[in-house]
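Chains as they are written, first to last, in the numbering used here: chain A, 1 to 325; chain B, 1001 to 1339.
Hint data in this document are derived by calculation from the structure and do not stem from the laboratory. One or more hints might be untrue.
With the C-beta cut set under 8 Å, the calculated list includes, among others, these residues of chain B facing chain A [as the list claims (entries may be wrong)]:
(1) 1130
(2) 1136
(3) 1170
Covered, in the sense of this in silico footprint (three residues per stretch, anywhere, with C-beta under 8 Å from a C-beta of chain B), are these stretches of chain A [claimed, not checked]:
(4) 65-71
(5) 90-101
Cβ-Cβ distance ranges computed for the label pairs, FRET-style [said to hold, decoys possible]:
(6) 1334/B <-> 296/A: 33 to 43 Å
(7) 1240/B <-> 125/A: 43 to 53 Å
(8) 1209/B <-> 192/A: 46 to 56 Å
(9) 1298/B <-> 89/A: 47 to 57 Å
(10) 1338/B <-> 266/A: 13 to 23 Å
(11) 266/A <-> 1326/B: 20 to 30 Å
Source: prediction; values computed, not measured. Each residue gets a CB set at the ideal place from its N, CA and C atoms; glycine is no exception.
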Amino acid sequence: MAELITYRDAVARGLAQEMRRDPSVHFLGEDVAAAGGVFKATKGLLEEFGPQRVRDTPISEEAILGAAMGAAMTGLKPVAEIMFSDFLATCWDLVAVEIPKTRYMTDGQVTMPLVIRTANGGGLRFGAQHSQAVENWAMAIPGLKVVAPSNPKDVIGLLAAAIRDPDPVLFFEQKSLYPSKGEVPDGEIVDELGVATTIRSGSDVTIVALASMVPRAVDAAEELEGIGISAEVIDLRCLVPLDTATVIESVKRTSRLVTVEENPRLCGWGAEIVSIVGEECFWHLDGPLTRVTTPHIPLPSADALEDEFLPSVDRIVEAVQKVVQ
Amino acid sequence: MSTTQLEEPTRDLSEDELLRLGLYRQVVRIRAFEERAYRLFMEGLVKGTSHLSLGMEAIAAGFGEAMRADDYTFCTYRGHAHTLARGTPMAGVMGELLGRASGVCGGKGGSMHLTSVEHGAMGSYAIIGAHLPIANGAAWSAQVRDSGQVAVCFFGDGTTNIGAFHEALNFAKVWNLPVVFVCENNLYMEYTAIGDVTAVEHPAADRASAYGLEPIIVDGNDPDAVYEVAATAIERARTGGGPSLIEAKTYRHGGHSRADPGQYRPDEEVAAWLERDPVPTYRARLLADGLDEAALTEIETQAQADVDAATDVARAAPPPDLQAAYTNLWADGGSSWRN
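Please construct the entire structure, taking both the sequences and the accompanying hints into account.
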């Protein structure tokens, strides 16, 4: 049996699944308990697990992540919510300097089994300070695992995998995907970190996408099929660990690569994929390695402007056509 | 956690006397270690930077003796003293300072990141303020697990002006966490006097009321006084009474770090504080209170012998294997980011 649920409801289902299984899983963040989250993605958790395991915090991002870190070092498996990924900048010391380095600096004396969930990316007209796609920030830090699911089933499975993982995981939920629906099987769902999914097979070009760019890449692939171009679409799902094997195998077959990312142009994750493919697939290539990104600007608010700057299906189609020509 | 061991006491010592010998042993060992560390910097054996607790030993000592073996210590880059005070072997600490494989962190931490989890020394954090919220987390975990453990978090006066200090105090109070925050106010942040850049006279204590906490100020050069406030605050935390914030007034004998001769401090101020050096003043008090000088001498001799032995072990130890650089990023022991 399977049911159709939203990406939003998948978050609560994934958390509940793991909290039922493991009493050491605790969840904290701003407005996450009584209010059920500003995106309503954690509705019902307080009622099921009580105020000791589902806790509202002050607006103190450093205090939230510090609590998660200290608890992870001493026997709990905390899940902390940072309401918008933009706010990671207010607790970047914890994210970039404390959480990822402490296991290494102490030569393995501590483990850091924690998950930071956060609403990431644009598309909701929230303007430049609530719309950034910052998964590339996290990817740049040694010691963080980075996950960004594109559909409800992956939200549950990858969230379960993240919570069970003994290392710190940044879990980016693309906020424009919260209302989107997908088929989810009944029962426990547990996925694996670091495994990309080939969601559409093709022979002319490989399109690698993440989170909200995945449905756009699929739409583009369908349009391309109509004009005789066969595109393979890979949902990367994780940036760290990075499933380079799936990407490399695909590009060696198709001989062309287009990455589609929401990150601004400079140092977005697509640049890393292009660099790896350039080094390791060079002799198999028949076209320029190409990135579709947002321009290197803050994301503007107005409908027309945001739509112009987020990678669209048209832009993906156009980029692929140029590569295949 | 008393670490005092006397081979042949000349008479039966009271519990209080044993405690005070334990405190004396702590300050003497830390002093001996820090003096040796300084000498080894001068010899070029310790690279990078280092921050000594010379003159500030009584704070780590008082808390070290008041803590239970399974309590948690969180300290700063000036953390040799706090790490040793929990019973971490000197040889492992010295090995870490010298960048040897025998160091407590295998050479990956260094002077600013000393950690010995098995001794409850949960890390030395080198970003001002970072570890206050982290100590809260350990306290939260203890609360959830109902373990009775307490987290003690040491930091300097400069920390009181950073956001994490204020976030952590509010959070600790609201969640009623078993945590004790200890501000070691040595009057100077790095090169600037804390009083020149702070809105209140007592940088920690004057902020306590904003978080529903009692203002507590203690003479940080007095091991007896520190022990007393430590024991009280730890007991309060352990029995569900929530967090405390303690401001311990003290002074560092040297500069902020290895590179700093500390010349921004007036001569008369330095001289006045040297008069209050916790090691000789405590020694004199113990003698005046009737403790046997032989017992004190024994502690001093043993401390020097321990430091000598630790130095020998560290100097003889090999540098870390180069492959060690690629280990222990992840819980699987490795550092791989791709397949």
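Hints, one by one, checked against the model:
1. 1130: holds (5 Å)
2. 1136: The hint holds - residue 1136/B has a Cβ within 8 Å of chain A, the shortest such distance being about 5 Å.
3. 1170: Holds, because the Cβ-Cβ distance from residue 1170/B to chain A comes to roughly 6 Å (cut-off 8 Å).
4. 65-71: Contact hint for the segment 65-71 of chain A vs chain B: holds, 7 residues under 8 Å.
5. 90-101: Three-residue rule met by the segment 90-101 of chain A, so holds; n is 4.
6. 1334/B <-> 296/A: 33 to 43 Å: holds (35 Å)
7. 1240/B <-> 125/A: 43 to 53 Å: Between residue 1240/B and residue 125/A, where Cβ atoms are some 48 Å apart, the hint holds.
8. 1209/B <-> 192/A: 46 to 56 Å: Distance hint for residue 1209/B, residue 192/A holds at roughly 51 Å.
9. 1298/B <-> 89/A: 47 to 57 Å: Given a distance of about 55 Å, which is inside 47 to 57 Å, the answer is holds.
10. 1338/B <-> 266/A: 13 to 23 Å: holds (22 Å)
11. 266/A <-> 1326/B: 20 to 30 Å: holds (29 Å)
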